[in-house]
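Protein chains in written order, with this note's numbering: chain H, 70 to 694; chain D, 2 to 92.
Please keep in mind that the hints were generated in silico from the structure rather than gathered at the bench. Every residue, glycine too, gets a C-beta built ideally from N, C-alpha and C. If a hint is listed, it holds; no wrong ones were tucked in.
Label-pair ranges, simulated between beta-carbon atoms:
1) H:L74 <-> D:T24: 49 to 55 Å
2) D:T34 <-> H:G151: 37 to 43 Å
3) D:V40 <-> H:V310: 43 to 49 Å
4) D:L12 <-> H:V310: 38 to 44 Å
5) H:R518 <-> D:Y21: 38 to 44 Å
6) H:V310 <-> D:S36: 36 to 42 Å
7) D:T24 <-> H:G397: 31 to 37 Å
8) D:R18 <-> H:A528: 44 to 50 Å
Cross-link-like lysine to any residue pairs, in silico, SDA-like; alpha carbons within 20 Å at most:
9) H:K493 <-> D:S36
10) H:K182 <-> H:T258
11) H:K100 <-> H:K529
12) H:K100 <-> H:A521
13) H:K513 <-> D:R73
14) H:K513 <-> D:I77
15) H:K529 <-> H:I369
16) H:K112 <-> H:R658
17) H:K199 <-> D:I77
18) H:K226 <-> H:L517
19) H:K100 <-> H:L514
20) H:K182 <-> H:L239
Covered by chain D, per the in silico footprint, the following chain H stretches (three or more residues, Cβ under 8 Å):
21) 130-144
22) 170-181
23) 259-267
24) 270-280
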Amino acid sequence: MESPLLHLALVGTPNSGKTSLFNALTGSRQKVANYPGVTVERKEGGFVTPQGRQISLVDLPGTYSLRGRSPDEEITRDFVLGRATGEVLPDLVLCVADSTNLRLTIRLLLELKSTGRPLALVLNMFDIAKRRGVTVDVAGLSQALGVPVVTSIAVRKGGTDDLLQLTDHLLARAEAATGDRANTWRPLTVPELRATQREADRIIAATVSLPERPDTWTARIDSVALHPVGGLLILLAILFVMFQGVFAWAQPLMQLLSAAFDALGQLVHDQLPEGLLQSFLQNGVISGVGSVIVFLPQIIIIFLFILLLEDFGYMARAAFLMDRIMGGAGLHGRAFIPLLSSFACAIPGIMATRVIDNRRDRLTTILIAPLMTCSARIPVYTLIISAFIPPTKVWGLINLQGLVMFGLYAAGIVSALLVSFLVKFFLMRDYQPAPFMLELPDYKLPRLRGIAIGVYTRAKMFLQRAGTTIFAMMVLIWFLASFPQPPEAATEPAINYSLAAMIGQAIAPLLTPVGFNWQIAVALVPGMAAREVAVAALGTVYAIEGGKEAAEQIGQVLASKWSLATALALLAWYIFAPQCASTLAVIRRETGSWRWMAVTFVYMFALAYAAAFATYHIAVAMGAG
Amino acid sequence: MSEICDTRPPLPLGLARRGYTGTIQHLAAGGATSSLPDVELESRLIELGFVEGARVEILHEGIVGRDPIAVRVDNITVAVRRREAMAVIVA
Ligand SMILES: Nc1nc2c(ncn2[C@@H]2O[C@H](COP(=O)(O)OP(=O)(O)O)[C@@H](O)[C@H]2O)c(=O)[nH]1
Ligand SMILES: [Mg+2]
Chain H
70 MESPLLHLAL VGTPNSGKTS LFNALTGSRQ KVANYPGVTV ERKEGGFVTP
120 QGRQISLVDL PGTYSLRGRS PDEEITRDFV LGRATGEVLP DLVLCVADST
170 NLRLTIRLLL ELKSTGRPLA LVLNMFDIAK RRGVTVDVAG LSQALGVPVV
220 TSIAVRKGGT DDLLQLTDHL LARAEAATGD RANTWRPLTV PELRATQREA
270 DRIIAATVSL PERPDTWTAR IDSVALHPVG GLLILLAILF VMFQGVFAWA
320 QPLMQLLSAA FDALGQLVHD QLPEGLLQSF LQNGVISGVG SVIVFLPQII
370 IIFLFILLLE DFGYMARAAF LMDRIMGGAG LHGRAFIPLL SSFACAIPGI
420 MATRVIDNRR DRLTTILIAP LMTCSARIPV YTLIISAFIP PTKVWGLINL
470 QGLVMFGLYA AGIVSALLVS FLVKFFLMRD YQPAPFMLEL PDYKLPRLRG
520 IAIGVYTRAK MFLQRAGTTI FAMMVLIWFL ASFPQPPEAA TEPAINYSLA
570 AMIGQAIAPL LTPVGFNWQI AVALVPGMAA REVAVAALGT VYAIEGGKEA
620 AEQIGQVLAS KWSLATALAL LAWYIFAPQC ASTLAVIRRE TGSWRWMAVT
670 FVYMFALAYA AAFATYHIAV AMGAG
Chain D
2 MSEICDTRPP LPLGLARRGY TGTIQHLAAG GATSSLPDVE LESRLIELGF
52 VEGARVEILH EGIVGRDPIA VRVDNITVAV RRREAMAVIV A
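With the sequences and hints as input, model every part of the structure.
Rendered as structure tokens:
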């Protein structure tokens with residue numbers, strides 16, 4: 070007989086290791102990081118228990134109570150209470166606790182008991198608790214709570230064995246029991262909350278010893294990292310090193326990759342007879358997709374930095390340091406983490422705004438998240454910077470190219486703050502700052518395995534995009550740039566007779582004022598799908614235009630064909646341009662309205678145009694035309 | 002409890018400076034100028050461990066107006082703004 074699918078839910082306070090447990094049990098690779106508010110959606114995965122039960126496990130956003138103050142917490146509440154439409158009630162709720170810090174979880178557990186769901190308490194991070202000398206009377210705790218208790222170490226092999234065993238045991242018991250216990254949950258009043266916290270504290274006092282060795286490292290690091298002035302300087306230095314690193318360290322690898330693609334293109338060129346197939350493979354596929362893939366080292370470096378900082382526990386500190394500064398611009402302190410994630414990609418960034426409870430704060434953050442310099446802009450920026458900015462050293466040690474890159478990132482941040490400030494000033498006059506309350510987790514040594522998996526996942530995603538979206542766009546561009554074929558007696562380059570030239574020239578008049586030529590115009594059209602597509606499109610267009618002698622790299626071609634003013638204008642354009650269909654789609658989904666999507670598109674477009682216009686004309690006036 | 006009150010007058014945590022240590026006497030959401038309704042503010046503070054009798058210490062202050070503050074509440078560290086911390090009466 071096929072055993073029925075059983076549903077398990079992971080509930081607990083933020084940062085207690087739920088997602089780590091989920092990954093350990095199901096073998097998934099969901100994002101884990103050392104700060105509250107990483108998981109903002111429901112993630113489902115399957116596994117089979119030692120006794121052969123089929124389990125569907127659900128990882129939920131962390132929460133301190135079932136009240137559901139913000140969209141992510143509502144997801145958790147609705148799942149536990151079976152309120153989500155078409156949902157089943159969980160057969161077992163695993164309440165996950167950080168063993169070094171039980172107060173808040175035990176209170177949550179007492180609240181969970183009133184839902185009537187079968188329940189177990191998982192004392193996770195038991196390794197850390199042990200190291201600090203915390204001892205827990207597991208049996209006594211279980212008895213005092215009236216709930217089975219088990220310890221676990223989510224990040225260690227075999228660390229979840231006891232939990233698996235208990236799961237089987239409890240499910241067997243649940244199968245034997247008849248009838249559900251009633252759900253008597255309702256939002257707790259303040260006196261009830263207080264009473265449950267007292268009760269929790271009483272139980273803890275009776276069964277858990279205080280740490281003998283408190284975490285002195287966290288205190289020591291924080292005395293520097295949270296220093297009012299020093300902390301901000303450190304934050305700046307970290308960002309600065311990150312962007313210098315993206316440039317300086319990635320360069321050798323990129324040159325290697327780019328040389329490899331050139332050689333591959335040349336090989337195809339030599340092996341195949343002259344004609345459409347040769348052009349398609351060399352110009353469309355290898356030049357186009359290759360010009361994006363060479364940025365893989367930079368993507369890896371930027372994610373390595375972000376993942377290391379996240380796992381270390383620095384992100385919540387950064388939010389603390391930035392709270393008032395961002396507050397001045399009308400932003401919520403918790404907006405910092407979504408905005409920081411947006412440096413990788415605006416899509417997870419926008420989803421991470423679910424941790425912001427106030428709707429206005431959330432909207433403002435969503436509106437400005439796409440202004441953060443996402444990794445898809447890196448190919449565009451790098452291409453133009455390496456073609457037009459000399460790699461000289463400023464003040465002896467700072468790479469000028471890295472400095473420009475840093476400037477572009479800074480421009481994104483400053484304009485985001487400005488937009489937020491204007492939104493607050495003009496649209497939300499009567500606005501009161503929402504509170505900022507955030508747990509600052511203890512620092513943890515980043516785990517190499519987790520970091521490696523994280524970097525690998527991002528690299529894979531990047532390559533997958535190169536293989537799908539970008540490849541498809543490249544085929545389209547190549548087609549547009551190659552057909553119709555030029556007449557026999559053509560004197561101009563073949564591409565001038567193509568559809569691409571027609572489209573480009575039709576749009577170009579709109580873009581001439583900002584200094585763009587028709588090749589840029591035609592690259593920006595498929596570039597609406599994703600930013601890095603524009604780089605690939607330029608690669609293809611110029612490769613076809615150059616004909617068979619175009620063995621040069623795209624950067625060199627650009628340097629010879631564009632003026633510095635045009636290049637700078639394109640950089641300015643890319644700080645703002647809403648050239649990412651997926652971001653717009655996710656804004657539509659998260660705000661639930663087409664209107665906010667349209668607002669984002671229009672305001673970013675207007676800013677892009679204005680910035681490119683100003684940059685171009687100032688540059689021309691200064692003699693860079 | 003009364004012993005402590007005799008020696009040190011209670012004050013809102015929102016006014017305390019870096020290095021301050023004390024014990025929570027009670028919550029008074031009405032005294033804070035938070036944008037949250039009183040009940041909500043009080044619930045959130047309790048959910049983060051700010052309950053009567055908990056030991057607090059102000060570990061760090063932000064740069065603008067010494068705000069926000071990082072508070073050790075028993076054995077966790079919580080960042081809050083002074084505005085909300087005004088609701089926590091300590092001594
Ligand atoms: N040492 C140790 N670290 C853990 C354990 N479980 C989780 N972590 C770390 O705790 C942090 C938070 O984990 P995460 O799964 O994202 O927590 P969630 O917010 O509850 O989903 C991450 O840095 C994990 O690597 C554990 O059992 N032992
Ligand atoms: Mg999680």
